[in-house]
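Q: Chain by chain, the residues:
Number of protein chains: 2
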Amino acid sequence: MVFWKGLFSGTESSSSTLSAANSVPVQITGIKPPGANQIVLSLDPNLDLYELEELCDAVGWSRRPLRKVRKALQNSFIVISMWELRGNTRRLIGFARATSDRAFNATIWDVVVHPDFQSKRMGKALMKYMIKKIRAEDISNITLFADPHVVGFYDGMGFVEDPEGIKGMFWYPE
Amino acid sequence: MVFWKGLFSGTESSSSTLSAANSVPVQITGIKPPGANQIVLSLDPNLDLYELEELCDAVGWSRRPLRKVRKALQNSFIVISMWELRGNTRRLIGFARATSDRAFNATIWDVVVHPDFQSKRMGKALMKYMIKKIRAEDISNITLFADPHVVGFYDGMGFVEDPEGIKGMFWYPE
Numbered sequence: 011m012v013f014w015k016g017l018f019s020g021t022e023s024s025s026s027t028l029s030a031a032n033s034v035p036v037q038i039t040g041i042k043p044p045g046a047n048q049i050v051l052s053l054d055p056n057l058d059l060y061e062l063e064e065l066c067d068a069v070g071w072s073r074r075p076l077r078k079v080r081k082a083l084q085n086s087f088i089v090i091s092m093w094e095l096r097g098n099t100r101r102l103i104g105f106a107r108a109t110s111d112r113a114f115n116a117t118i119w120d121v122v123v124h125p126d127f128q129s130k131r132m133g134k135a136l137m138k139y140m141i142k143k144i145r146a147e148d149i150s151n152i153t154l155f156a157d158p159h160v161v162g163f164y165d166g167m168g169f170v171e172d173p174e175g176i177k178g179m180f181w182y183p184e
Numbered sequence: 011m012v013f014w015k016g017l018f019s020g021t022e023s024s025s026s027t028l029s030a031a032n033s034v035p036v037q038i039t040g041i042k043p044p045g046a047n048q049i050v051l052s053l054d055p056n057l058d059l060y061e062l063e064e065l066c067d068a069v070g071w072s073r074r075p076l077r078k079v080r081k082a083l084q085n086s087f088i089v090i091s092m093w094e095l096r097g098n099t100r101r102l103i104g105f106a107r108a109t110s111d112r113a114f115n116a117t118i119w120d121v122v123v124h125p126d127f128q129s130k131r132m133g134k135a136l137m138k139y140m141i142k143k144i145r146a147e148d149i150s151n152i153t154l155f156a157d158p159h160v161v162g163f164y165d166g167m168g169f170v171e172d173p174e175g176i177k178g179m180f181w182y183p184e
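The listed protein sequences correspond, in order, to chains E and U. Under the working numbering, the first residue of the first sequence is numbered 11, with each subsequent residue one higher. Under the working numbering, the first residue of the second sequence is numbered 11, with each subsequent residue one higher.
Derived from the structure by calculation, the hints contain no laboratory data. Some clues are possibly wrong.
Same chains, same names: a pair is fine if it fits in one copy or spans any two.
[Stated by the list, open to error] BS3-like cross-link-like pairs, simulated, lysine-lysine; straight-line CA separation at most 30 Å:
(1) K130 / K143
(2) K142 / K130
(3) K143 / K78
(4) K143 / K81
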């Protein structure tokens with residue numbers, strides 16, 4: 011935190027909303043991203059939407075109206091962003107959010123890690139932090155919908171597909 | 011609406027929160043529940059929690075702390091209750107709620123119809139209304155997690171399981 015504070019003191023004009031109050035350094039064991047000074051996570055939902063769009067573009071997601079993205083962030087229970095700090099610049103390299111009834115269920119959406127930082131345990135660190143924050147709110151049912159190619163990733167994080175035969179279903183207009 | 015207003019005018023002391031402003035009569039084609047005068051749906055989240063618990067008991071659900079149930083209702087995007095009106099009494103016979111980011115995704119939870127009213131198209135009416143309300147908010151991704159014995163029911167309502175291989179997953183503590 012002290013490091014973080016020192017790094018950004020005097021950057022009032024920054025468009026970023028990172029602050030010491032709502033960011034935590036990430037402990038990532040094993041491979042360190044090449045040249046990365048530090049990776050931090052933030053819980054601030056007030057992200058620069060263009061920065062977020064750029065991240066989503068990098069993984070090939072379809073663009074979504076920024077008006078709706080803003081609304082989704084405002085109405086998410088938890089919004090986590092992951093940043094690489096290098097000198098006095100920072101770069102958005104990961105994101106995830108969850109909707110919730112704040113009592114029983116939380117559902118995780120839009121988990122993304124920039125391709126430059128994939129396979130470096132960043133996604134795992136992001137998800138571990140998400141689970142920790144949800145659990146801290148005494149919510150026991152944590153769910154998500156996983157694309158086929160990431161089922162193995164979530165399986166390794168303690169997620170079970172179709173437990174007791176429960177099926178994820180999506181509504182399609184007739 | 012006029013019928014409804016007439017029925018409950020002067021019931022200020024009622025513990026129920028039904029009102030003409032947030033209730034709609036349900037059109038159910040086919041079999042009418044025996045003796046049922048009318049079935050109405052309400053969007054009021056301020057339900058009598060004991061009445062709701064009684065309904066959930068009737069289908070054998072585990073009891074949940076009412077404090078958390080209240081919080082879940084307060085933080086649900088849409089709460090729908092279904093009532094049977096008979097004379098000037100009303101009885102809670104169905105319930106469903108949804109969480110949402112109010113932009114892209116809505117997830118439906120806790121769909122329940124009293125056993126006395128099951129197989130009478132009540133569940134279908136409840137779900138159709140839920141889908142209609144979600145769609146009216148311009149939310150395109152409607153999801154749920156279905157127990158094995160109700161997958162067929164949701165399938166008949168336009169829900170598709172594991173579309174394009176997307177899997178519903180639940181987190182379990184290690």
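Q: Each hint needs a verdict: does it hold in this structure or not?
A: These are the hints, each one checked on the structure:
Taking CA atoms no more than 30 Å apart as the test, K130 paired with K143 passes inside one copy only; the shortest distance there is 22 Å, against 42 Å between copies. Proximity of K142 and K130 under a CA criterion of 30 Å is satisfied intra-copy only: 20 Å inside one chain copy versus 43 Å between copies. Taking the shortest Cα distances, K143 and K78 sit within 30 Å of each other both inside one copy (24 Å) and across copies (18 Å). When the C-alpha separation of K143 and K81 is checked against a cutoff of 30 Å, the pair qualifies both within a copy, at 21 Å, and between copies, at 18 Å.
In this structure, none of the earlier numbered hints is contradicted; all agree with it.
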